[in-house]
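Participant: Protein chains in written order, with this note's numbering: chain A, 1 to 203; chain B, 1 to 200; chain C, 1 to 255.
These aren't lab readings, by the way, just hints derived from the structure by calculation. These numbers come from a predicted model, not from an experiment. Treat each hint with caution, since some may be false.
BS3-like, lysine-lysine: derived pairs with alpha carbons at most 25 Å apart [what the hints assert, rightly or not]:
1) K141(A) - K43(A)
2) K41(A) - K145(A)
3) K30(A) - K64(B)
4) K30(A) - K96(B)
5) K6(A) - K61(C)
6) K102(A) - K64(B)
7) K102(A) - K129(B)
8) K129(B) - K41(A)
9) K64(B) - K141(A)
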Amino acid sequence: MGNVIKSTCIFTLITLVAGGLLGFTHEVTKEPIARQEQLAKEKALSEVFEVASRYEQVETDAEAWSGAISDTGLTEEEVTEAYRAESDNGNVLGYVLSGVSKEGYGGDIAFVMGVENDGTVTGISFLSLSETAGLGMNAQKPEFKEQFADKKADSFTYTKDGAAAENEIDAISGATITTRAVTNGVNAGLAVFQTCLKGGQKE
Amino acid sequence: MSTLQQLLLIAVGSALVNNVVLSQFLGLCPFLGVSKNTKTAGGMGMAVIFVITIASLVTGAIYKFFLAPWDLTYLQTIVFILVIAALVQLVEMFLKKFSPALYRALGVYLPLITTNCAVLGVALTNVQKGYATQASFGLLTCVVNGAATAVGFTIAIVIMAGIRERIEHNDISPSFQGMPIVLVTAGLMAMAFFGFSGLI
Amino acid sequence: MKAYMERIYNGLIKENPTFVLFLGICPTLAVTTSALNGVGMGLSTMAVLVMSNLLISLLRKVIPSQVRMPAYITIIASFVTIVHLLLEAYVPSLYESLGLYIPLIVVNCIILGRAEAYASSHSVGLSLFDGIGMGLGFTVALTCIGAVRELLGAGTVLGFTVPVYEPATIFILAPGAFFVLAALAAVMNRVQHGNGRTSTTDSCLEGCEHCTNMGCGGRVFTRAAVSETEEADVPAGGAEEIEKPAAAEEKEGQE
């Protein structure tokens, strides 16, 4: 019996030390992790809206935004943050929206997209993407992302047999699900832009 | 999309499309090691279904009610692996006492499961995909995902065992005997399972 | 000094965890879509392996044998979480590409296997070098597989595109992983045993079963069984792999 108590004590001790050590590491790395996320976001912001020099966060109006998204029939997408993209002299050039699409093949897809005041998409970029290597991961390639850039459309659709119209996106071969998730994400962003932010009305 | 539809989609996705062994490479050790005949493979599969389903529920609940509210999510790996190890022991003890028949059928395989990375993999996937913290039906989603993943494992290992029983009598080039031919078989199966991605 | 170098050689070549023992296949196949991923996974695993070997060897006289397994798992899981947090904080790109497989280092058979078979019964110095050797062996293997798959499947070498060659995507995908490992295993078979018909591969498979055995809560492997395998460990080659599972099965039968 004494043996059991001794074993239990030692094991408890090990667990406690391990827990303490982890807590310490967590405290130490908390800040760098947050900073990395911030950095990644800033990089993504400037990537999708190159011409702007400043990004001012717009207050999130979760209810109105999700209303705008569900009005278009999308259920799995969400726009979480929006930034006003401003030029050097403070003119509002457009908006950068950051959102999540939950329809991804390998989990949630977090993305950012830039929209000019007239509704032209300036570009998209991913904050987190965990799709199949070699298939869905090809969404990260410029060939796919650039299909959205410099296009003015109310919403995008994807096609498997060669995009013909302005608002058509060529699906990534072998990764229709990823394509759909991304396209719907962009559409959700456009919906929020059109109904809630359009033309910089909400100064 | 209704909840039922969503659950069905998750189930098909985890069992066939994203097969745990053939596309996510989890649980390869038992897949390659315990697939010499269909009977043991089936037994292993059943044991895995049993353990993963329970483990999904327990780890999902722990995450939802303890780790997430107290901001301790960084402890998930250590908590999950210990819980799974303890759970396997408990299940074994429980079966031994209350269901000797089931224990005789699955008992041998249970100890092998603790380090089956599929179990921890499912627990972590449930958290990563946000099933565990989902507002409604979170735990149910975890369980469905876990059970479906385990069913996928069973399908894969039983098919593998069936093929290996046939291979036994074939004349294979000496260099490819044993492990290499099994891996080639697994590769071909993985290709076949790609076909399921058309389902979703 | 010679003994230390011997550990490194042992891990790299003689008992290479991937090519000879076929341990830790899950991460080997899952993350080797590029050479760089292979290096990253290899080094992360090595860090955990070295630290856990060191600590387990230090504590080998303190940890009671009944709670050996949970204690090892706790130690390993702690180091894995530390590596996980550090990667997330300082090497986010690698963290992104390895994803789920970082926490899964916990269940990598190599780590628990080395803790049980080596660190729990050898001096701190030797265990440290054993960890380094095994870690290097794993890293080299992962890098090789990653490089092959990256070249064939994506047509790049360490991210630089190879001209002319049209890549076959299949090698980046799941089946390609199996095919590449199958080819490498066949080469190993050939090198080790020439043309003769052999049953080595059976021992490989049971090596796997045996490695799962090791983690099963410390009941299947008693102290006695471990010391038996330790003795069997000394003569190298495939033979020991046959003996280990035999010992394990015996124990299982008794229960």
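Participant: All hints, please: hold or fail.
Facilitator: Hint by hint, here is what the structure shows:
As the CA atoms of K141(A) and K43(A) are separated by approximately 16 Å, the hinted pair is consistent with the 25 Å bound. Among the hinted pairs, K41(A) with K145(A) is consistent with the structure: their alpha-carbon atoms are about 17 Å apart, no more than 25 Å. For a cut-off of 25 Å, the pair hint linking K30(A) to K64(B) stands: about 21 Å separates their Cα positions. Under the criterion of a C-alpha separation no larger than 25 Å, the hint pairing K30(A) with K96(B) is inconsistent with the structure, at around 45 Å.
A C-alpha spacing of about 13 Å is found between K6(A) and K61(C), which places the hinted pair at or below 25 Å, so the restraint holds. Straight-line distance between C-alpha atoms of K102(A) and K64(B) comes to about 19 Å, which keeps the hinted pair within the 25 Å bound. For the hint linking K102(A) to K129(B), the alpha-carbon distance of about 9 Å falls within 25 Å, and the restraint holds. Proposed proximity of K129(B) and K41(A) is supported: the alpha carbons are some 21 Å apart, at most 25 Å.
With a CA separation close to 36 Å, the supplied pair K64(B) and K141(A) exceeds the 25 Å bound.
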